[in-house]
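There are 2 protein chains.
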Amino acid sequence: MVKTKVTEMLGIKYPIFCGNMMNISYPSFAAACSDTGALGIMASVMFRTPDDLREALIELKSLTDKPVAVNLNLFPMLKPIKQIDHVKVMLDEGIKIIETSGHQAPDKYIPLFKDHGVTWIHKCAGVRYAKKAASLGADIVEVVGWENGGATGRYDIGTLVLTPATIDGLNIPVVAGGGISDGRGVAAVLALGAEAALIGTRLLATKECPIHENLKKAILKASIYDTTIIMRSLNATHRVWNNQAAQKVLELENSKTDQMEIFNAAAGAKSKIMYEEGNLDVGVVSVGQGVGLIHDIPTVKDLIEGIMQETNEIIQKLSNM
Amino acid sequence: MVKTKVTEMLGIKYPIFCGNMMNISYPSFAAACSDTGALGIMASVMFRTPDDLREALIELKSLTDKPVAVNLNLFPMLKPIKQIDHVKVMLDEGIKIIETSGHQAPDKYIPLFKDHGVTWIHKCAGVRYAKKAASLGADIVEVVGWENGGATGRYDIGTLVLTPATIDGLNIPVVAGGGISDGRGVAAVLALGAEAALIGTRLLATKECPIHENLKKAILKASIYDTTIIMRSLNATHRVWNNQAAQKVLELENSKTDQMEIFNAAAGAKSKIMYEEGNLDVGVVSVGQGVGLIHDIPTVKDLIEGIMQETNEIIQKLSNM
Chain A
31 MVKTKVTEML GIKYPIFCGN MMNISYPSFA AACSDTGALG IMASVMFRTP DDLREALIEL
91 KSLTDKPVAV NLNLFPMLKP IKQIDHVKVM LDEGIKIIET SGHQAPDKYI PLFKDHGVTW
151 IHKCAGVRYA KKAASLGADI VEVVGWENGG ATGRYDIGTL VLTPATIDGL NIPVVAGGGI
211 SDGRGVAAVL ALGAEAALIG TRLLATKECP IHENLKKAIL KASIYDTTII MRSLNATHRV
271 WNNQAAQKVL ELENSKTDQM EIFNAAAGAK SKIMYEEGNL DVGVVSVGQG VGLIHDIPTV
331 KDLIEGIMQE TNEIIQKLSN M
Chain B
31 MVKTKVTEML GIKYPIFCGN MMNISYPSFA AACSDTGALG IMASVMFRTP DDLREALIEL
91 KSLTDKPVAV NLNLFPMLKP IKQIDHVKVM LDEGIKIIET SGHQAPDKYI PLFKDHGVTW
151 IHKCAGVRYA KKAASLGADI VEVVGWENGG ATGRYDIGTL VLTPATIDGL NIPVVAGGGI
211 SDGRGVAAVL ALGAEAALIG TRLLATKECP IHENLKKAIL KASIYDTTII MRSLNATHRV
271 WNNQAAQKVL ELENSKTDQM EIFNAAAGAK SKIMYEEGNL DVGVVSVGQG VGLIHDIPTV
331 KDLIEGIMQE TNEIIQKLSN M
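Chains as they are written, first to last, in the numbering used here: chain A, 31 to 351; chain B, 31 to 351.
Don't read these hints as lab results, they were simulated from the structure.
Every value quoted in this text rests on a predicted model; they were computed, and no experiment measured them.
Some hints could be false.
One copy or any two copies: either way a pair holds, since identical chains are not told apart in the list.
[Said to hold, decoys possible] Restricting the straight-line Cα-Cα distance to at most 30 Å, the calculated cross-link-like pairs of lysine-lysine (DSSO-like) are:
no., residue 1, residue 2
1, 347, 331
2, 162, 247
3, 347, 246
4, 302, 162
5, 161, 251
6, 251, 118
7, 251, 112
8, 347, 162
9, 161, 246
10, 144, 109
11, 251, 162
12, 331, 278
13, 161, 347
14, 161, 247
15, 347, 33
16, 126, 278
17, 138, 162
18, 144, 237
19, 302, 33
20, 347, 118
21, 109, 33
22, 43, 347
23, 138, 237
24, 347, 35
25, 246, 286
Generate the whole structure from the sequences, applying the supplied hints.
Listed below in structure tokens is the structure:
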């Protein structure tokens with residue numbers, strides 16, 4: 031057992047957040063994550079209507095009785111949804127942990143969160159955004175560094191530096207991610223002062239992860255060098271697996287193509303087809319540098335328990351050094 | 031006390047290497063570092079003749095009776111020196127710890143190192159170089175990640191990922207650097223499995239560091255965002271303080287200027303003038319992202335002891351979590 035401020039606040043067993051992933055973090059996967067003792071985080075952005083979201087939340091609640099969070103994606107979207115309606119459904123369904131993600135903290139929803147006793151977690155990729163969220167009343171912030179799969183922010187700060195820099199600027203608990211695939215990474219960010227570790231990419235290679243086997247096998251083969259940064263030209267830097275689709279996005283960026291064409295090439299809808307059909311060049315996939323540290327496809331439960339066992343062994347070893 | 035394979039091998043008190051810095055790591059500074067219980071590393075590249083180097087080594091030995099290393103720089107140089115003569119002087123003066131740095135391990139010197147009972151440490155910025163050095167007989171390798179001040183390698187892998195990836199590929203001890211400014215960073219890389227932490231940038235802001243006060247004050251003011259990567263176009267990526275000189279180098283790179291002009295703009299000779307005279311725009315300075323975590327100018331002894339105290343407190347805290 032490793033108890034931290036965050037495990038205590040959320041009532042979770044392990045100081046691990048299972049990163050919210052679009053078109054992956056469905057109710058079943060988020061529930062599987064929470065059932066391990068970590069915090070599962072369901073994505074809401076795939077549910078286009080309040081009714082669809084409500085159905086998903088009802089399913090989520092039926093699948094786990096452990097604490098579980100729901101993500102509200104505040105990044106610009108190709109096809110925006112009416113976020114306030116999503117928030118209302120979450121509150122109506124009694125969701126008690128909401129993770130927002132994006133550069134801007136969600137000013138207008140905060141009073142609603144507070145009125146409903148929601149623990150509000152904001153995820154971002156920079157100290158200034160974290161400070162802003164804390165000043166607006168966030169209970170916890172997550173920061174992700176340069177190694178991260180998905181949004182990396184515009185300043186390219188490694189997790190080893192971003193984590194303590196963020197902690198120094200805040201007086202609320204910080205959860206750190208970007209490059210964590212095993213107990214070594216968890217122990218490292220706890221040593222940096224994080225109150226939990228955020229793990230994303232590592233979860234792609236689990237039995238329950240709802241992506242095609244072809245992609246899971248490709249993840250196993252990938253090295254630490256097999257990611258790239260796309261969409262820097264649009265000020266929306268994302269680290270992704272360096273496949274043909276990523277190369278296509280980079281080509282479009284280099285040729286100063288119309289922004290919409292670039293966004294379309296990187297669209298989640300294409301990734302979804304890839305996840306479902308297993309054609310590995312159709313879409314982009316958010317993958318962090320820690321992909322090179324993945325060597326098997328366990329169940330989520332075995333993964334999280336193994337990571338925590340390794341974390342504990344490392345702490346034991348450090349204290350005997 | 032924290033004992034690791036590396037502290038045992040080298041007979042040093044603390045698992046900290048004080049990074050070798052050109053035009054800074056003179057005998058007096060390297061000796062001051064070793065006297066703290068960490069490993070000081072003297073640079074040899076500033077000494078252009080065997081006689082000058084011999085004089086420096088004699089001075090070094092007179093200043094400390096603690097283990098101390100000497101660096102042999104194998105990166106391409108504007109004005110190459112005859113390295114074999116430097117090696118012979120080091121061996122002749124009884125130097126027992128030699129750090130080589132560069133992409134290529136120094137094949138031809140290895141038998142000399144072995145014959146003279148030298149502990150050979152190779153410093154590099156990638157797993158493949160580390161593996162090569164280990165296969166050639168290196169006793170210890172140092173790897174530095176994306177956050178590092180100075181050479182960062184061509185693959186941009188964060189320290190949090192590069193460290194475990196390197197350890198997994200080797201069966202010799204690994205020392206990790208890149209972004210470490212305090213006990214949090216030291217504890218983190220020990221948790222990742224490193225046998226010591228390499229600290230460079232943090233040492234710039236110490237009383238003994240032979241650089242101008244203006245630069246020390248600028249270092250104190252710098253944030254984690256105040257570095258940039260130069261010389262990528264020459265396949266010689268370096269992270270430096272983002273001053274006018276760095277911007278000038280980037281401009282030259284963007285305008286596809288002749289390589290020699292770029293190298294000259296980034297030359298150590300210009301940095302040396304800056305260190306001596308305090309004009310902060312004359313030259314480039316290798317500075318890592320951890321610069322944003324520096325808030326005072328202690329003695330080297332107070333710095334290293336403070337870092338180790340913090341490291342020990344963190345380990346204690348982790349084991350009580």
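Right, here's what the structure says about each hint:
Taking the shortest Cα distances, residue 347 and residue 331 sit within 30 Å of each other both inside one copy (24 Å) and across copies (27 Å). For the homomeric pair residue 162 and residue 247, the shortest alpha-carbon distance between copies (28 Å) is at most 30 Å, but the shortest distance inside one copy (40 Å) is not. Within a single copy, residue 347 and residue 246 get their C-alpha atoms no closer than 32 Å, and across copies no closer than 37 Å, so neither meets the 30 Å cut-off. For a Cα distance limit of 30 Å, the shortest separation of residue 302 from residue 162 qualifies neither inside one copy, at 33 Å, nor across copies, at 41 Å.
Taking the shortest alpha-carbon separations for residue 161 and residue 251, only the inter-copy value of 19 Å comes in at or below 30 Å, while the best intra-copy value is 38 Å. Taking CA atoms no more than 30 Å apart as the test, residue 251 paired with residue 118 passes in neither setting, with 42 Å inside one copy and 45 Å between copies. With identical chains, the CA atoms of residue 251 and residue 112 are never at most 30 Å apart, being 39 Å at best within one copy and 43 Å at best between copies. For the identical chains of this complex, residue 347 and residue 162 are inter-copy neighbours only, at 29 Å across copies versus 38 Å inside a copy, given an alpha-carbon limit of 30 Å.
Taking the shortest alpha-carbon separations for residue 161 and residue 246, only the inter-copy value of 27 Å comes in at or below 30 Å, while the best intra-copy value is 36 Å. When the C-alpha separation of residue 144 and residue 109 is checked against a cutoff of 30 Å, the pair qualifies only within one copy, where the shortest distance is 28 Å, while the shortest distance between copies is 65 Å. Only between protomers do residue 251 and residue 162 lie at most 30 Å apart by alpha-carbon distance; the minimum there is 22 Å, versus 39 Å within a single protomer. Taking the shortest alpha-carbon separations for residue 331 and residue 278, neither the intra-copy value of 36 Å nor the inter-copy value of 53 Å comes in at or below 30 Å.
Proximity of residue 161 and residue 347 under a CA criterion of 30 Å is satisfied inter-copy only: 25 Å between copies versus 34 Å inside one chain copy. For a Cα distance limit of 30 Å, the shortest separation of residue 161 from residue 247 across copies, 25 Å, qualifies, whereas the shortest one inside one copy, 39 Å, does not. In this assembly of identical chains, the alpha carbons of residue 347 and residue 33 lie at most 30 Å apart whether taken from the same copy (18 Å) or from different copies (11 Å). In this assembly of identical chains, the alpha carbons of residue 126 and residue 278 never lie at most 30 Å apart, being 40 Å within a copy and 52 Å across copies at closest.
Taking CA atoms no more than 30 Å apart as the test, residue 138 paired with residue 162 passes inside one copy only; the shortest distance there is 14 Å, against 56 Å between copies. When the C-alpha separation of residue 144 and residue 237 is checked against a cutoff of 30 Å, the pair qualifies neither within a copy, at 37 Å, nor between copies, at 49 Å. Within a single copy, residue 302 and residue 33 get their C-alpha atoms no closer than 37 Å, and across copies no closer than 49 Å, so neither meets the 30 Å cut-off. When the C-alpha separation of residue 347 and residue 118 is checked against a cutoff of 30 Å, the pair qualifies neither within a copy, at 47 Å, nor between copies, at 40 Å.
Within a single copy, residue 109 and residue 33 get their C-alpha atoms no closer than 41 Å, and across copies no closer than 56 Å, so neither meets the 30 Å cut-off. Taking the shortest alpha-carbon separations for residue 43 and residue 347, both the intra-copy value of 22 Å and the inter-copy value of 18 Å come in at or below 30 Å. Taking identical chains as interchangeable, the C-alpha atoms of residue 138 and residue 237 are never at most 30 Å apart, the minima being 39 Å within one chain and 50 Å between chains. Taking identical chains as interchangeable, the C-alpha atoms of residue 347 and residue 35 lie at most 30 Å apart whether they share a chain (23 Å) or sit on different chains (13 Å).
Proximity of residue 246 to residue 286 under the C-alpha cut-off of 30 Å is found in neither arrangement, the shortest distances being 33 Å within a copy and 42 Å between copies.
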